[in-house]
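K.L.:
For reference, the chains in residue letters:
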Amino acid sequence: MTWTLVLLLGAGAYGFKVLGLVLLGSRRLPPVVLRCLALVPAALIPAIVVSDTFSSDGELVIDARVAGVGVAAFAAWRRAPLIVVVVLGAGVTAVVRQVA
Amino acid sequence: MEHVPDPALRPVALASVTLGVAIGVFGVVFGVGAVSAGGSIAQACVMSLLVFTGASQFTAVGVIASGGSMASALGGGMLLAARNAVYGLTLSQIVGGSLLTRLAAAHMTIDETTAMATSQAGLRAQRTAFWITGATIFVCWNVGTLVGALAGSAIDPLTFGLDAAFPAGFVAMVAPQLRHRRALLTAVVGAAISLVLIPFSPPGVPILGASAAILLGVPRPDADDDPADLPGTAGVP
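Protein chains in written order, with this note's numbering: chain A, 1 to 100; chain B, 1 to 237.
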């Protein structure tokens with residue numbers, strides 16, 4: 001983590017916000033662009049979950065995190081509150097890590 | 001209608017406080033994750049103040065945590081920030097005022113403020129909901145980040161499984177969106193791309209590669225795929 005990353009991401013994120021709200025205003029974007037942009041979180045977030053769960057230094061690994069995130073995913077699917085999902089994910093990982 | 005006094009806004013204030021508490025919890029998770037990924041407390045806090053769009057911050061820090069380069073972290077974070085430009089298009093119909101007001105409003109152009117503002121009836125209620133929600137979330141997100149960063153530096157993250165708190169928080173964040181068929185398919189494809197790329201590419205690249213899955217948005221929606229249901233497009237004119 002570097003200050004360069006913090007500042008560049010800050011500038012870039014604000015740039016996108018200003019682009020839409022102030023510069024483009026009420027102009028219309030092609031529907032196909034809107035449909036693709038709407039799918040960005042669905043495409044990237046599960047990829048991050050997979051990457052944070054199964055990878056370590058560029059290798060595929062299976063360790064305590066898989067159990068924790070698996071339980072968290074089940075809880076999220078059952079519509080458990082955020083705090084429950086997070087505590088279950090961390091707690092199960094910690095316990096499995098101690099036992100293993 | 002323009003002069004209905006504040007009782008009409010009480011549900012908005014209540015909803016934004018409830019939302020604020022949830023965002024505060026996310027902020028704590030972010031703060032913990034940021035310091036676990038090697039960031040300082042100051043870096044975590046300044047990122048939340050300046051970037052102020054959760055998913056981008058989670059992505060950037062997630063890439064760094066898995067050992068990725070700064071370019072990959074920035075790329076992933078920017079991809080997720082791009083959707084705020086779409087929200088800006090919607091909100092430009094709601095937020096008026098001087099250039100300065102709109103530049104301030106731009107900073108609060110995120111998922112939650114867009115959702116809260118567009119769900120109100122009438123311009124005045126929409127505008128008030130936008131500012132109330134924006135201010136509440138800004139405070140909660142930043143206080144949460146500080147608390148998480150302090151806690152994360154005080155304890156050993158691995159002992160408490162905090163490295164898994166991050167992906168668990170992500171799962172909770174994305175789960176509601178995956179109830180739409182096309183978003184679910186996109187998620188499966190994105191996760192599969194990432195999984196396949198992990199052993200063959202530097203950290204961070206699998207996440208950027210997964211962005212190819214957004215091309216599933218190219219075909220026109222069919223009858224059972226209501227476009228208004230797709231996340232992020234609600235209310236876009």
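One should not assume that every hint holds.
Here are the in silico distance ranges between beta carbons for each label pair [as the list claims (entries may be wrong)]: (1) A/V99 to B/V17: 19 to 25 angstroms; (2) B/L146 to A/P81: 35 to 41 angstroms; (3) A/V99 to B/P11: 18 to 24 angstroms; (4) B/S119 to A/R79: 45 to 51 angstroms; (5) B/G67 to A/F74: 25 to 31 angstroms; (6) A/R27 to B/I155: 31 to 37 angstroms; (7) A/L7 to B/P221: 37 to 43 angstroms; (8) A/L60 to B/R181: 35 to 41 angstroms; (9) B/P202 to A/L7: 32 to 38 angstroms; (10) B/P11 to A/L60: 35 to 41 angstroms.
Not everything, but these chain A residues come out facing chain B in the computed CB check (under 8 angstroms) [to be verified]: (11) P30; (12) T53; (13) R65; (14) R97; (15) A100.
For the record, the hints were derived by calculation from the structure and aren't laboratory data. All C-beta atoms in this analysis are idealised placements derived from N, C-alpha and C, irrespective of residue type, glycine included.
K.L.:
Hints broken by the structure, by number, lowest first?
P.N.:
1, 2, 3, 4, 6, 8, 9, 10, 11 and 15
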